[in-house]
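Can you make the complete structure from the sequences, with help from the hints?
There are 4 protein chains.
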Amino acid sequence: MIITVKKEAKKQDIDLLIQKLELQGVQVHLILGENYNVFGLVGDTSKLDEKNLLANPIITDIQRVSQPYKLANRMFHPEDTIVNVNGIEIGGKKIVMIAGPCSVEGQDQISRIAKEVKEAGADMLRGGAYKPRTSPYAFQGMGTAGILAMVNARHETGLPIVSELMAIEHLEEFVENVDIIQIGARNMQNFDLLKAVGKTKKPVLLKRGLANTIEEWIMAAEYIMSEGNPNVIFCERGIRTFEKYTRNTLDLAVIPIIKERTHLPIIIDPSHAAGDYKLIEALSLASIAAGADGLIIEVHDDPCNAWSDGSQSLKPKRYAQLVEKGKQIAKVIGREM
Amino acid sequence: MIITVKKEAKKQDIDLLIQKLELQGVQVHLILGENYNVFGLVGDTSKLDEKNLLANPIITDIQRVSQPYKLANRMFHPEDTIVNVNGIEIGGKKIVMIAGPCSVEGQDQISRIAKEVKEAGADMLRGGAYKPRTSPYAFQGMGTAGILAMVNARHETGLPIVSELMAIEHLEEFVENVDIIQIGARNMQNFDLLKAVGKTKKPVLLKRGLANTIEEWIMAAEYIMSEGNPNVIFCERGIRTFEKYTRNTLDLAVIPIIKERTHLPIIIDPSHAAGDYKLIEALSLASIAAGADGLIIEVHDDPCNAWSDGSQSLKPKRYAQLVEKGKQIAKVIGREM
Amino acid sequence: MIITVKKEAKKQDIDLLIQKLELQGVQVHLILGENYNVFGLVGDTSKLDEKNLLANPIITDIQRVSQPYKLANRMFHPEDTIVNVNGIEIGGKKIVMIAGPCSVEGQDQISRIAKEVKEAGADMLRGGAYKPRTSPYAFQGMGTAGILAMVNARHETGLPIVSELMAIEHLEEFVENVDIIQIGARNMQNFDLLKAVGKTKKPVLLKRGLANTIEEWIMAAEYIMSEGNPNVIFCERGIRTFEKYTRNTLDLAVIPIIKERTHLPIIIDPSHAAGDYKLIEALSLASIAAGADGLIIEVHDDPCNAWSDGSQSLKPKRYAQLVEKGKQIAKVIGREM
Amino acid sequence: MIITVKKEAKKQDIDLLIQKLELQGVQVHLILGENYNVFGLVGDTSKLDEKNLLANPIITDIQRVSQPYKLANRMFHPEDTIVNVNGIEIGGKKIVMIAGPCSVEGQDQISRIAKEVKEAGADMLRGGAYKPRTSPYAFQGMGTAGILAMVNARHETGLPIVSELMAIEHLEEFVENVDIIQIGARNMQNFDLLKAVGKTKKPVLLKRGLANTIEEWIMAAEYIMSEGNPNVIFCERGIRTFEKYTRNTLDLAVIPIIKERTHLPIIIDPSHAAGDYKLIEALSLASIAAGADGLIIEVHDDPCNAWSDGSQSLKPKRYAQLVEKGKQIAKVIGREM
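Protein chains in written order, with my numbering: chain A, 1 to 337; chain B, 1 to 337; chain C, 1 to 337; chain D, 1 to 337.
Derived from the structure by calculation, the hints contain no laboratory data.
Any given hint might turn out to be false.
Identical copies look the same in the list; a pair holds intra-copy or inter-copy alike.
Unchecked claim - Below, computed lysine-lysine pairings styled on DSS-like, alpha-carbon distance capped at 25 Å:
{"no.": "1", "residue 1": "Lys-278", "residue 2": "Lys-11"}
{"no.": "2", "residue 1": "Lys-325", "residue 2": "Lys-259"}
{"no.": "3", "residue 1": "Lys-93", "residue 2": "Lys-325"}
{"no.": "4", "residue 1": "Lys-94", "residue 2": "Lys-327"}
{"no.": "5", "residue 1": "Lys-259", "residue 2": "Lys-317"}
{"no.": "6", "residue 1": "Lys-315", "residue 2": "Lys-94"}
{"no.": "7", "residue 1": "Lys-94", "residue 2": "Lys-331"}
{"no.": "8", "residue 1": "Lys-278", "residue 2": "Lys-10"}
Structure (structure tokens):
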């Protein structure tokens with residue numbers, strides 16, 4: 001940690017600060033600059049609180065040298081983590097394709113779409129049973145009935161299932177029934193929910209929050225891991241910007257960054273990023289080319305009558321075309337699909 | 001609702017769309033333009049799903065004419081809502097001052113600060129017992145012990161107390177002990193939590209999310225109100241932007257906008273917006289001048305040793321000076337403090 | 001254009017508004033809704049000023065149905081525009097690779113790098129002679145000497161040259177010497193500069209502004225085209241967001257969007273988006289997969305001693321590897337490189 | 001400057017880096033940390049280029065300790081700069097009120113409005129003769145005729161005049177006729193234009209760019225000052241965010257920040273920030289309370305027929321009311337108006 005101190009600070013205030021820092025077990029190296037003095041701290045600074053230090057009027061700035069995350073940090077865990085989901089590996093050589101409707105709308109619908117996406121090349125099935133909706137007047141999901149319909153669809157197709165958990169009270173239901181628990185963008189910093197899924201061993205698909213930095217996102221993974229669950233999969237789904245032609249702005253630079261800084265897999269959700277089915281193929285192929293470990297894509301066989309997110313859903317046929325092109329791009333960069 | 005349709009759409013597709021819309025109980029007015037045709041829909045369009053409509057390839061755009069919020073909408077409730085908290089009115093002529101430490105650190109600390117902020121002119125006491133922290137390794141709050149210390153401080157000073165609720169499992173504890181339940185910025189779209197506090201009658205302080213539009217914020221209030229709780233108080237605390245010299249960017253235009261569009265009170269939190277004690281006074285006086293119904297400000301008697309947020313905490317003396325100036329500005333705009 | 005009018009507006013005010021609109025040559029279709037009335041305007045609304053209309057207190061909202069751009073609009077020009085640069089086509093089947101140093105640093109440097117990037121597969125040479133720098137104390141470019149060094153490098157290698165124009169006073173120098181005039185992100189809304197290059201026939205590489213919407217970007221192209229120059233090439237280089245691990249956030253959704261809405265070519269600059277050489281390959285391959293018509297990449301043979309932007313420059317060898325992979329991805333999507 | 005170096009870096013690479021840094025005249029202090037090593041540099045680091053250093057693969061991060069601005073820096077110029085405009089001081093005790101129409105529309109219009117705003121309490125007159133418009137088809141300003149009409153209005157009222165300069169070719173016209181040259185938001189990083197006005201002695205009103213950080217804004221002032229013109233006045237006019245209910249988000253924290261970090265005056269433009277006349281009064285009073293040195297507000301006597309920006313223009317009567325309230329708030333914080 002680097003602390004910048006005002007040049008005009010009094011000696012007694014500087015001594016007091018050094019003493020306080022040393023009491024917390026860190027060594028202080030003093031560098032006298034022209035306009036500022038700098039303290040370089042060596043040792044375990046993780047317990048030091050930047051905001052308290054900044055409350056000291058002789059301090060003008062604080063910079064951390066080490067990352068605030070440990071368990072997710074590649075520095076201390078150089079090899080890739082591969083998350084195993086019913087025998088399917090996420091983070092290995094094979095790019096994993098997850099597809100399905102935004103919402104489960106009934107047993108027929110989810111079973112039918114499950115078969116179609118499997119046919120088209122999907123490895124897993126997505127479907128929402130508990131839906132985070134901006135409006136209290138919008139369809140809120142089928143709840144337990146939706147989860148059970150997903151379970152039946154898994155029996156019929158063999159596809160592992162992914163669904164979003166919104167509240168701790170449904171955790172048991174998810175642990176019992178679902179193969180990957182999704183934490184949605186709006187709950188990325190719902191820390192109690194993170195701790196709760198951290199106490200299970202279920203794979204967790206951790207979506208990036210609408211306006212969260214990559215560092216905050218890794219810290220959310222750290223919450224889950226620090227409770228004992230190492231099976232975290234990052235999922236980028238676009239961030240909020242000023243642009244109005246797309247629903248969100250997909251940030252593909254996160255792929256090489258997450259891979260450099262952490263050892264965890266990362267998949268991409270182009271559907272929520274774009275909000276428009278016409279953009280999905282381009283963004284999906286781009287994600288594969290950039291090194292994503294998987295894609296989660298909304299597919300519906302009747303988007304105009306979907307109960308939610310119709311505008312961003314691909315029809316199964318277009319999805320199958322995307323998978324075909326994706327396979328070839330995967331090959332170019334030494335992956336499989 | 002206004003639907004823009006491609007000029008080259010086939011007659012049969014247009015007829016099908018009109019038929020489908022009419023089946024949902026709305027009248028369709030057709031306007032033939034030069035490059036596009038436009039459908040003007042009259043009737044209750046609240047059940048129509050924009051995203052499904054946009055999945056129809058002949059549709060290029062959808063615009064809503066009416067606001068998606070009803071209970072919070074001033075159009076249907078022209079008079080101001082005043083939220084009564086143990087006899088203190090929020091949203092009336094008097095500007096309400098809430099102050100206290102970021103975190104409760106013990107009985108002595110909260111009792112001492114409670115007395116100091118009361119002395120300095122505060123009407124209510126704030127203090128966090130459950131803390132949303134970016135890092136799992138940071139202090140997470142004293143929990144129940146913190147809430148009880150707040151209750152004791154209320155007994156000693158008479159100040160009503162405000163604290164943040166992070167999980168439904170603590171709701172009962174909050175209903176029993178706390179006077180205003182705060183929903184934090186990170187939970188503004190934790191819809192299960194919103195519904196849960198909506199089932200109580202407790203006043204709810206609803207912070208704006210880091211990257212949420214005003215419309216989403218009002219919809220979050222609508223979630224609470226639609227469950228039966230009309231006592232919602234908006235709280236602006238800065239939004240996330242590209243700027244790095246401040247922690248967040250305080251958006252004061254929300255004050256006249258919330259007052260024009262809704263009938264609910266709005267208060268300002270300059271502490272979290274600025275993240276720097278040196279900016280608090282200027283932003284507080286600005287908030288009062290802009291018409292805020294109250295201010296919630298972090299005050300600590302030893303910021304350098306605060307357990308959280310020291311850098312943005314005012315000392316009681318500076319807080320008292322701020323209150324003095326604030327009172328005079330309140331007078332200029334016809335308010336009291 | 002759709003105008004939303006308050007339900008409680010007086011008849012005389014409504015009549016006055018209709019009369020005023022009809023005087024401007026548009027037909028007004030009136031739709032009486034439940035909470036608002038709506039005017040649907042048919043005819044040429046391009047002369048109507050939204051902001052003036054919004055100054056009318058009976059109006060609550062205005063929505064345009066037609067796009068504000070005409071010359072760039074694919075609706076009126078369905079076939080792709082291909083920009084010809086000394087025989088190299090941008091916007092055709094072949095993906096065009098532009099490479100070179102951030103700044104021209106001397107004849108030797110630019111000649112040497114020109115040969116290296118040609119060898120590695122580049123089609124054109126980039127190099128800055130006039131540099132937009134945040135600090136007045138930073139290297140501002142070699143000016144005319146830099147342009148002349150570029151010209152010599154073209155003679156030596158046959159590569160057409162691209163350089164950024166910052167001020168109208170250098171326009172003649174650029175028209176005479178340069179093959180593509182680059183308008184930088186900071187000048188995307190320097191309207192006098194846009195008009196000036198619009199009066200030439202030179203191909204213009206129009207970078208997207210740091211915080212400009214796609215619509216504003218297309219309108220900037222419209223400025224150039226409306227002066228008579230149809231040879232506009234869009235260039236995405238990342239937009240400004242809250243994220244701190246990258247310099248900018250590359251927005252690849254612009255590729256299918258620009259291609260849907262306009263008939264102009266679009267290329268990608270991953271170097272300025274990322275600000276970090278380690279991210280360039282992933283973002284470049286992603287751009288090709290998403291359908292970009294070209295890439296402009298910073299390449300330097302000694303990045304640690306570059307006079308600017310060293311951290312985001314690739315060495316020629318890494319660039320050659322990127323070109324190899326890019327060629328294979330181009331093939332997958334039916335392009336060449 | 002603080003350089004973070006990888007722990008596993010080879011000794012020879014570290015030695016080479018130290019040698020290179022010392023050759024540039026700085027002293028290197030080495031701190032050996034647990035996960036990283038840190039170099040603390042003492043001496044004049046202004047010539048070191050962060051991006052070149054970051055191109056060195058053993059370096060992971062660079063932090064500057066000193067600010068990159070010198071002439072604008074309060075550290076080296078502790079007393080406030082007061083800019084004198086025809087005898088009116090900006091940055092002194094009196095808060096300066098600038099008002100007038102968005103565009104000059106003719107001699108009658110500007111003369112009439114000049115008298116009205118003077119009557120209402122304005123100190124200076126604003127009016128655009130060269131207009132930066134998003135669309136090439138929108139009114140582009142009256143040009144020279146507009147400037148001359150402003151000059152006449154000054155003769156009639158005594159009010160100094162402010163107008164926006166968009167291109168160097170009009171600089172002479174502005175130096176001769178105008179009292180304050182405005183640099184618009186879109187030209188904040190038009191560095192050639194900044195240098196050009198820096199070569200004059202005219203007061204410059206430097207608007208903040210739509211998406212520029214405070215640091216970049218101060219660096220733009222530094223461009224002007226480094227050419228010899230010390231008369232820079234900052235003007236905040238809102239920044240671009242995701243919010244859609246306002247045109248821009250007004251950032252009032254800049255007032256105390258600019259005053260802490262620089263010695264230059266700062267005024268606020270609430271009209272362009274809000275884009276809606278109904279929000280102007282609240283934001284204006286807030287700006288005064290926060291310590292602004294002045295306000296620039298759009299006033300038009302017939303907003304519905306204004307040639308530009310009608311929706312955000314106040315009528316003279318409402319402006320006069322705002323001035324009255326503003327005067328009282330000014331008094332509370334020890335200023336005059």
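From the Cα coordinates, with 25 Å as the cut-off, is the pair Lys-94 and Lys-331 best called within, between, both, or neither? Both. Shortest intra-copy (10 Å) and inter-copy (21 Å) distances satisfy the 25 Å Cα cut-off.
For Lys-315 vs Lys-94, is the C-alpha pair at or below 25 Å within one copy, between two copies, both, or neither? Within one copy only: 24 Å inside, 30 Å across.
Alpha-carbon proximity between Lys-94 and Lys-327, which holds within one copy, between copies, both or neither at 25 Å: both (10 Å within a copy, 22 Å between copies)
Alpha-carbon proximity context of Lys-259 and Lys-317, limit 25 Å: Intra 32 Å, inter 23 Å, cutoff 25 Å: inter-copy only.
Intra- versus inter-subunit Cα pairing at 25 Å for Lys-93 with Lys-325: both (17 Å within a copy, 18 Å between copies)
Within a copy, between copies, both or neither: where do Lys-278 and Lys-11 come within 25 Å Cα-Cα? between (65 Å within a copy, 23 Å between copies)
Can you give me the call for Lys-325 and Lys-259, within, between, both or neither, at a CA distance of at most 25 Å? Answer is both: 24 Å inside a copy and 20 Å across each meet the 25 Å cutoff.
Identical-chain pair category, Lys-278 with Lys-10, by Cα at 25 Å: between (64 Å within a copy, 20 Å between copies)
In this structure, none of the earlier numbered hints is contradicted; all agree with it.
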